[in-house]
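K.L.:
So the protein sequences, as listed, match chains B and D. 1 is the number of the first residue of the first sequence in our numbering; add one for each residue after it. 1 is the number of the first residue of the second sequence in our numbering; add one for each residue after it.
In case anyone wonders, no lab produced these hints; they're calculated from the structure. For every residue, glycine included, the Cβ atom is placed at its ideal position computed from N, Cα and C. Some hints here could point you the wrong way.
Here are a few chain D residues that face chain B, going by a calculated C-beta distance under 10 Å [claimed, not checked]:
| hint | residue |
| --- | --- |
| 1 | Lys53 |
| 2 | Ser87 |
| 3 | His102 |
| 4 | Ile112 |
| 5 | Lys113 |
| 6 | Thr114 |
| 7 | Gly116 |
Below, a sample of chain B positions facing chain D; criterion: calculated Cβ distance under 8 Å [unchecked claim]:
| hint | residue |
| --- | --- |
| 8 | Ser66 |
| 9 | Ala110 |
| 10 | Phe114 |
| 11 | Ala129 |
| 12 | Thr131 |
| 13 | Met134 |
| 14 | Ala138 |
| 15 | Ile139 |
| 16 | Arg191 |
| 17 | Glu193 |
| 18 | Lys250 |
Simulated DEER-style distance windows between Cβ atoms [as the list claims (entries may be wrong)]:
| hint | chain 1 | residue 1 | chain 2 | residue 2 | range |
| --- | --- | --- | --- | --- | --- |
| 19 | D | Asp78 | B | Lys11 | 53 to 63 Å |
| 20 | B | Ile147 | D | Ala33 | 49 to 59 Å |
| 21 | D | Gly116 | B | Leu14 | 50 to 60 Å |
| 22 | D | Lys27 | B | Lys250 | 51 to 61 Å |
| 23 | B | Lys64 | D | Gly116 | 20 to 30 Å |
| 24 | D | Gly116 | B | Lys250 | 24 to 34 Å |
| 25 | B | Arg62 | D | Leu37 | 47 to 57 Å |
| 26 | B | Leu103 | D | Asp78 | 37 to 47 Å |
| 27 | D | His93 | B | Phe156 | 43 to 53 Å |
| 28 | B | Lys128 | D | Asp71 | 24 to 34 Å |
| 29 | B | Leu22 | D | Tyr65 | 44 to 54 Å |
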Amino acid sequence: MLIIEQNRSAKPLLACLFIIGLVIIGTTYIDKQIGEITTDLMYVHITGALVILTLILAVRFRLKGSHGKAWALFLGAMTSWFIAETLWTVYELIYHVNPFPSLADVFYIAGYPFMLLFLINYIKPIKKAITRKMLVTAISVSIAMAIPGIYMAYSFDPKVSWFENIIATTYPIADSIIFVPAIIGISLFFRGEVNFTWSLICIGIVCSFLGDTGFQFAQFTETYYTGHPVDVVLLWSYILYAFGVYDHIKIFGKNIERNSNKISR
Amino acid sequence: MKFFHRNKEDHFESKFIPIDSGMNYDKPYIMKALVALAIDKTLLSIGKPVLDKVTNELYKKYQCYLPDCYDHPEYLEDILKSVFGSSYHTIVHAITVELQDHMSDKGIEVLIKTIGR
């Protein structure tokens, strides 16, 4: 909390999280149809904005150095999730079909390897600082989080196909895998400027994990509807990523490049 | 053959002064350049904006440049700590590896000790 209090982006971030929760819950409470449209459009717009922000950062790093590669991979993950959210919206609002399981899931799952590689590349320059204790703690926390997630996602109902079950259980497993480098990252960058970005990405991954688990649980208990509280948590994860990227743009901003060029002249 | 070294008064926007003796060179300047190169190489391996951030912060806070870290390693220590937090030691380790062959120089030894404390 101290980290968040110290950063200038904290107030707009908290306001965004509050507004998103209020809008989704409010519109769904008034009318489920309006709630569905609002939620779907929010997903597309927020992930779209996230792709643009990440593109700015990736262009700034120009694929050079390990952080350059890392941000390009993060762009890959965000683009994949943007396509997935768009496909989901198209299935739901235009074709009026249940988008799970669908092509959208392919893009959701495709985003995870990119995200994992991003996290690995980001902490690569400081990998020597990773202790065995740190690694064991991160893996333990991650496994502890994955077990209830997998249990809730897997359906023993014979009507549910093995394919659906594979897709459903892939989410908590993938979430817990990307959680390991995220936890390591946050402990490595502790007290540094980069820490705020890591905190947000790590909290974002936790939100994504909780949202995915909640979504799978709601799907199999047939209580899910677009605009469900799990959507708020999932949207929060994108917002947290977006603010993390925005904070990074501010730290390693264009002004720095201009100033340093002046200095070198 | 003539060798050159920088005027001590204005080291960055400097004028080069010719020296007649063949093997004469100003060691602290060479060491400063080596330090700057080591920091430059280490930070560039992470990303150019990271190097830009460090050089910019050095100038903003202490009005100094990378070669000046040879005389004021505490400036570099402060900036690296503020940017990288706990992982700062790994960056220091990478810089140390780059400068390993020149540890016999007193200034570099002091720099490594200061930033590595």
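K.L.:
State for each hint whether it applies.
P.N.:
Results for each hint:
Contact between Lys53(D) and chain B, as hinted, is supported at the beta carbon level, the nearest pair being about 5 Å apart and thus within 10 Å. Below 10 Å, beta-carbon pairs count as interface contacts, and Ser87(D) has one with chain B at about 4 Å; its hint therefore holds. Interface restraint check for His102(D): the shortest CB-CB distance to chain B comes to about 21 Å, outside 10 Å, so the restraint is violated. Residue-level restraint check for Ile112(D) is violated (minimum Cβ-Cβ distance to chain B is 16 Å; threshold 10 Å).
Interface restraint check: Lys113(D) against chain B, minimum CB-CB distance 19 Å, threshold 10 Å, status violated. Hint status for Thr114(D): violated, given a least beta-carbon distance of 19 Å to chain B, over 10 Å. For Gly116(D), the interface hint is violated, the least distance from its beta-carbon to any beta-carbon of chain B being 13 Å, above 10 Å. The beta carbon of Ser66(B) comes within 6 Å of a beta carbon in chain D, closer than 8 Å, and the hint placing it at the interface holds.
Below 8 Å, beta-carbon pairs count as interface contacts, and Ala110(B) has none with chain D, the closest being about 25 Å; its hint is therefore violated. Hint on Phe114(B) is violated. Least Cβ distance to chain D is approximately 18 Å, over the 8 Å limit. Annotation: Ala129(B) was flagged as interfacial toward chain D, and the flag holds, the nearest CB pair being 4 Å apart, inside 8 Å. Hint status for Thr131(B) relative to chain D: violated, with the closest Cβ pair at about 11 Å, above 8 Å.
Among the interface hints, the one on Met134(B) is violated; its C-beta lies about 10 Å from the nearest C-beta in chain D, farther than the 8 Å criterion. Interface restraint check for Ala138(B): the shortest CB-CB distance to chain D comes to about 15 Å, outside 8 Å, so the restraint is violated. Hint status for Ile139(B): violated, given a least beta-carbon distance of 19 Å to chain D, over 8 Å. A distance limit of 8 Å between C-beta atoms decides the matter here; for Arg191(B) the minimum to chain D is near 4 Å, and the interface restraint holds.
Annotation: Glu193(B) was flagged as interfacial toward chain D, and the flag holds, the nearest CB pair being 5 Å apart, inside 8 Å. For Lys250(B), the interface hint is violated, since its Cβ never comes within 8 Å of a Cβ in chain D; the closest pair sits about 11 Å apart. The supplied range of 53 to 63 Å is broken by Asp78(D) and Lys11(B), whose beta-carbon atoms lie about 28 Å from each other. Restraint check, Ile147(B) to Ala33(D): a C-beta distance of roughly 56 Å satisfies the suggested window 49 to 59 Å.
At roughly 39 Å, the beta carbons of Gly116(D) and Leu14(B) sit outside the given window of 50 to 60 Å. For Lys27(D) paired with Lys250(B), a C-beta distance near 41 Å fails the hint of 51 to 61 Å. Distance hint check: the CB atoms of Lys64(B) and Gly116(D) are about 27 Å apart, consistent with the given range 20 to 30 Å. Under the hint 24 to 34 Å, the C-beta atoms of Gly116(D) and Lys250(B), about 29 Å apart, fit the expected range.
With their beta carbons about 21 Å apart, Arg62(B) and Leu37(D) fall outside the hinted range of 47 to 57 Å. For Leu103(B) paired with Asp78(D), a C-beta distance near 51 Å fails the hint of 37 to 47 Å. With their beta carbons about 51 Å apart, His93(D) and Phe156(B) fall inside the hinted range of 43 to 53 Å. Checking the proposed 24 to 34 Å range against Lys128(B) and Asp71(D) shows it holds: the Cβ atoms sit about 28 Å from each other.
For Leu22(B) paired with Tyr65(D), a C-beta distance near 50 Å keeps the hint of 44 to 54 Å intact.
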